[in-house]
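There are 4 protein chains.
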Amino acid sequence: MSHNSFGHLFRVTTWGESHGPALGCVVDGCPPGIRFTLAEIQAWLDKRKPGQSRFVTQRREDDLVKILSGVMFDEDGETMISTGTPISMMIENTDQRSKDYSEIAKRYRPGHADYTYDVKYGIRDYRGGGRSSARETAARVAAGGIARKVVPGLVVRGALVQIGKHRINRANWDWAEVNNNPFFAPDPAIVPVWEEYLDGIRKAGSSIGAVVEVVAEGVPAGIGAPIYGKLDQDIAANLMSINAVKGVEIGNGFAAAEISGEENADEMRIGPGGKPVFLSNNAGGILGGIATGHPVVARFAIKPTSSILTERRSIDSDGNEVDVRTKGRHDPCVGIRAVPIGEAMLACTIADHYLRDRGQTGRLK
Amino acid sequence: MSHNSFGHLFRVTTWGESHGPALGCVVDGCPPGIRFTLAEIQAWLDKRKPGQSRFVTQRREDDLVKILSGVMFDEDGETMISTGTPISMMIENTDQRSKDYSEIAKRYRPGHADYTYDVKYGIRDYRGGGRSSARETAARVAAGGIARKVVPGLVVRGALVQIGKHRINRANWDWAEVNNNPFFAPDPAIVPVWEEYLDGIRKAGSSIGAVVEVVAEGVPAGIGAPIYGKLDQDIAANLMSINAVKGVEIGNGFAAAEISGEENADEMRIGPGGKPVFLSNNAGGILGGIATGHPVVARFAIKPTSSILTERRSIDSDGNEVDVRTKGRHDPCVGIRAVPIGEAMLACTIADHYLRDRGQTGRLK
Amino acid sequence: MSHNSFGHLFRVTTWGESHGPALGCVVDGCPPGIRFTLAEIQAWLDKRKPGQSRFVTQRREDDLVKILSGVMFDEDGETMISTGTPISMMIENTDQRSKDYSEIAKRYRPGHADYTYDVKYGIRDYRGGGRSSARETAARVAAGGIARKVVPGLVVRGALVQIGKHRINRANWDWAEVNNNPFFAPDPAIVPVWEEYLDGIRKAGSSIGAVVEVVAEGVPAGIGAPIYGKLDQDIAANLMSINAVKGVEIGNGFAAAEISGEENADEMRIGPGGKPVFLSNNAGGILGGIATGHPVVARFAIKPTSSILTERRSIDSDGNEVDVRTKGRHDPCVGIRAVPIGEAMLACTIADHYLRDRGQTGRLK
Amino acid sequence: MSHNSFGHLFRVTTWGESHGPALGCVVDGCPPGIRFTLAEIQAWLDKRKPGQSRFVTQRREDDLVKILSGVMFDEDGETMISTGTPISMMIENTDQRSKDYSEIAKRYRPGHADYTYDVKYGIRDYRGGGRSSARETAARVAAGGIARKVVPGLVVRGALVQIGKHRINRANWDWAEVNNNPFFAPDPAIVPVWEEYLDGIRKAGSSIGAVVEVVAEGVPAGIGAPIYGKLDQDIAANLMSINAVKGVEIGNGFAAAEISGEENADEMRIGPGGKPVFLSNNAGGILGGIATGHPVVARFAIKPTSSILTERRSIDSDGNEVDVRTKGRHDPCVGIRAVPIGEAMLACTIADHYLRDRGQTGRLK
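Here the protein sequences line up with chains A, B, C and D, keeping their order. In case it helps, UniProt numbering puts the first sequence at residues 1 to 365. In case it helps, UniProt numbering puts the second sequence at residues 1 to 365. In case it helps, UniProt numbering puts the third sequence at residues 1 to 365. In case it helps, UniProt numbering puts the fourth sequence at residues 1 to 365.
Next up, chain A with everything else stripped away, as it sits in the complex (with noise of 0.2 Å):
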């Protein structure tokens, strides 16, 4: 019940800050026998990290993570293989800078959580966001990397669907795309125009809010609960979790509002090989809390960075009437590197209900 963890069976525990020397998770949960290896789970950390493009931050951090306990390594010496002990997980923090931040100890950045952490806690590791930094999800993103093999024949990916005003069309949509382009977007005739978008918006030291899309294919049906136990229930949950989200929708969401059960209600038919076949997924793979077995489908929307150029009013913590004014290099659109955190934020929740239904043990199978 402390507030550094998430997930039932597979449960995850995160610690660290910016500016200490490490941060990292502990996997709690993830069955024995599940195999792979390091360089697959750098992948998913490498997707998030920084300084990719010139719509990212410019910061340098190689986010390199190193497994600490929970595997023993197959005969080739470089496959990991899960013994069902907590697999725990590190990444040292090599750009801590011991820079002067005595400026921003005092003051509370508008639109950041200085403020409430104060209120709460009346002592803040001010020093490049503390806890509070988004730093933290590169935890959850290692995470996310075993969650993936957890549940068999799972594969969860992402996209940006909207940046600004200007969304994708989704007649548009392909996955292969979304490797092609610095945005994740799945719509090619986007790119230019978020290009031309965010150059604006970096250079007027601005920043911008967006859309992203994840999904799930391969959610074996029934997994899931009903009432309080709901897998969108749980999903809402912990895309909310994400440091600027303000929104999560599944299946089609605040759309649901505006039609009627005819359009809403996803028809049923035998399909091939008798097997039940829903014509339309609707209800993003979920119905009453549980997996139909089609696509698991959620959105979440991405508040812009307050970290902005532009000074803003604000108060510092002796009471004084300030204006602040974020310097230093820092993330145009926030939304674009959530892509890979909200992946693993659904992958983690789809294997903690599969483990919940299945059991935790060796003997799945």
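Honestly, the hints are just simulated from the structure, not real lab data. Incorrect hints may have been included.
Copies of the same chain look alike in the list, so a pair counts if it works inside one copy or between any two.
Restricting the straight-line Cα-Cα distance to at most 16 Å, the calculated cross-link-like pairs of lysine to aspartate or glutamate (EDC-like) are [as the list claims (entries may be wrong)]:
id, residue 1, residue 2
1, Lys275, Asp118
2, Lys327, Glu92
3, Lys149, Glu103
4, Lys275, Asp63
5, Lys149, Asp199
6, Lys275, Asp62
7, Lys165, Glu263
8, Lys66, Glu78
9, Lys327, Glu262
10, Lys327, Glu195
11, Lys327, Glu263
12, Lys203, Glu262
13, Lys275, Glu321
14, Lys149, Glu262
15, Lys66, Glu177
Position chains B, C and D relative to chain A; hints supplied.
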């Protein structure tokens, strides 16, 4: 971790099926010394109960709540005082006619949880929807009645802000109007529009989605927690757990995706009495998962009920393709009755976080 | 995390006071498809109920259990089949005479929880002990009745092995004798000894402690978990939660402190059918927190009830020194009625670990 | 609910194997503003570490703890101040020689968890006992070092009170003696007896069980909770989770079974300053699961380690009958080093209940 409870310190466990002898809840964690009357709790249930206008189901359910434990009576013989032990509340089912359910026992109603329950459990109480019936929410509303008393000065209110494509005009918002119309509409100008629109839906045997907004005032700054114990995360989870909800947003929510950092961040100043104030509330009262002290604002989208008179394609549990038409009395817009349910879930979430922050027992003061 | 539940996947929440309208429990997490009759559950309650011999309290409580949710009836109209939804059970209080409690409302009975409840909560339902009454254990016994059905082949039995300094002769152990005497004694030779001894205690208005042994056979090897999810750890917790229990031991327990590694370690051989067998069971069926497949054996010590006729020095809630003498019908040895309670707690613990290992839903098989 | 955490608000998650690169823990829920030095934490680890006398294992493990997160340094550059975020602690494994483990990789050592791990997980890190090694307890001791600081005025101490059949004389109890001998014995008269006895055990390559007593003073009256959140219940669980523990008792424990209600119930009087006092402490500081304010007293029995030089009958994972003899350096009496571990578990349990009662954040005062 079983799936019929929510909350950690203010913990609610609900039980009961639509057509069993009764349903109810156990509220575990209510601090001692909380004072309330049965009439106060009943009033919230009355707000949710069916049959109050032509725009909701015409079923008759009196939904009279009994309190079986956890309280002592004050000397007036009417005011109950919580003792810190679990408060068990029960609502007997009085309208469970023993009719023939054989037709729907095997047919999966499209858009309902019939199919997924069967996949998961292999057995399902099909009478009146069983556990997945919206009747379960009566227990939530009763629990919410207790929760509202736990946090001194807390006021939780809700309103319907959208039916289909018809939205209220926020400039007209007047809380005093909410109880003056059958829709919990805060904008009197929308009432005739919705009346005409919903009459059409109802006569066609169709249904329509909606959006509800819930607001909590008097939330103490500092409650909540960062990372995975976020107040907004738990609000998202608990609202998403309501039947038919497909999306949740906090503060400006999905609209935050469309604006810049300058527009979005709520600036601060020192207000009257030297108290920090935010000059706007785009954050919906929560920063970094922790309450700012400003109103907590959330919205959720409810899909249209799938109980409609039009035949829809489906299958049955024997693998036959069938057409399903849901006869009987139903809610043309379940979003209306979702207002008190959303309020209850918000109140319970805030009470839970309040106790996490302040501790659980009598010496709270 | 509130304090009236135990178990994780087989989760039991109890509620109710000794002198309220009813008490009961919600069993959340019972898998679907479990079959039982009301008479089977009632039989366990009858074993615990008072008034069955002169050695237990002479109060009249019929303890009739009602099942309010979570089951459907089989075609025989009698067998209940669990549906996977919460099973709510209620026992109405029929003997709650509205007598004058003013004398004990303010006096702290030595050895009872009166003082600590008041320190913690500042309010206390003093009528008949309120929530701290042993009546609460009736709900545990009902839950245990369900738990016994969850694990195929599980048999849980208990016996009284010590009253005061009088211990059974383990060489005489015969399970068939347990229900042939008013003490649940497995050794017929001890019965006359205990009868004479307890008659003396009873006539003196005194009380005496006891030790209960509970044994579970048919526990599948492999359930449980290492480190902090140990089967023995949860057994210890759940037995210690029974009123008046002051010690718990597993297998040879405290006697293990006195012997050598050679004597203590259970050797192994390949048994009939190639099945691994242990040649002794000092471990009490658990190694490293995980079941070996041999019987799980636990014992617990129950202190003598503090409800005695001799005056004892105490204080009242106004800070006065007083002398307290507890009048009325009481159990000279509460350990006797603790036998079915211990069985129930052991059964619930094993059911919980079984589901953690195997998963929670219908497709367990 | 995964199995490597304990506590609810003061929540400790441990990770790591005996022969991996490191082991450690995450302490989640430490309130902000708690001050301590690394040296203070290290001192507890030093008390547990091997090689300190001829009566414990001769392995070399320095067990140097690093703190990776959750603290800021005070101006002295040495005192750490908790910030309310997770405190991650790591102990690198320095003595993990890459020796040949092939012999024990398949053989189940009698009395160890080798067999049950294999049954449960189908894979097991056999190197040095892997996760089931007592090295895991180093992380508990580190966490206990933090816990001791959380409750103002709390003093937790432990002592060895029995080795084999040789018990201390309680009349000689002197806490000052505990650190003057290699056994943590509070009775100097027992020291030569134990020395001679254990020398014999050690030279024979045998082992022997023991009993540890742990005592917490300064536990505020009112912490704990009734029914299933009992302080004694959690103490029992947490002590039982220590490797090799087979029994736990609170206060007079199993001895309570042998005495009358008159002898057992602790009488009360008004003490100095009008403060309620108990005239004895048979209850071990806990009534109805709630602390009385008197010292909390618990004892636990540790079985003799199964690592002995005598051959014992066993089987291997291929189903062959084998004889196993555990070579190498071992503890003749693991109970000795269990003293600081028991202290740590008691301190963590009390810190957890303290926070449940008082709330988790900075405004505790």
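Verification of the supplied hints:
Proximity of Lys275 and Asp118 under a CA criterion of 16 Å is satisfied inter-copy only: 14 Å between copies versus 55 Å inside one chain copy. In this assembly of identical chains, Lys327 and Glu92 lie within 16 Å of each other by CA distance neither inside one copy nor across copies; the values are 25 Å within and 39 Å between. Taking the closest pair of Cα atoms, Lys149 and Glu103 never come within 16 Å of each other, the shortest separation being 45 Å inside a single copy and 32 Å across copies. With identical chains, the CA atoms of Lys275 and Asp63 are never at most 16 Å apart, being 44 Å at best within one copy and 41 Å at best between copies.
Proximity of Lys149 and Asp199 under a CA criterion of 16 Å is satisfied in neither setting, with 37 Å inside one chain copy and 51 Å between copies. For the homomeric pair Lys275 and Asp62, neither the shortest alpha-carbon distance inside one copy (46 Å) nor that between copies (42 Å) is at most 16 Å. Within a single copy, Lys165 and Glu263 get their C-alpha atoms only as close as 26 Å, which misses the 16 Å cut-off; across copies the closest is 14 Å, which meets it. Taking the shortest alpha-carbon separations for Lys66 and Glu78, only the intra-copy value of 13 Å comes in at or below 16 Å, while the best inter-copy value is 28 Å.
For a Cα distance limit of 16 Å, the shortest separation of Lys327 from Glu262 across copies, 14 Å, qualifies, whereas the shortest one inside one copy, 53 Å, does not. For a Cα distance limit of 16 Å, the shortest separation of Lys327 from Glu195 qualifies neither inside one copy, at 23 Å, nor across copies, at 53 Å. Neither within a single protomer nor between protomers do Lys327 and Glu263 lie at most 16 Å apart by alpha-carbon distance, with minima of 50 Å and 18 Å respectively. Proximity of Lys203 to Glu262 under the C-alpha cut-off of 16 Å is restricted to the inter-copy arrangement: shortest distance 14 Å between copies versus 48 Å within a copy.
Taking the shortest alpha-carbon separations for Lys275 and Glu321, only the inter-copy value of 11 Å comes in at or below 16 Å, while the best intra-copy value is 65 Å. For the identical chains of this complex, Lys149 and Glu262 are neighbours neither inside a copy (38 Å) nor across copies (41 Å), given an alpha-carbon limit of 16 Å. In this homomeric assembly, Lys66 and Glu177 never come within 16 Å of each other (Cα to Cα): the closest approach is 31 Å inside a single copy and 45 Å across copies.
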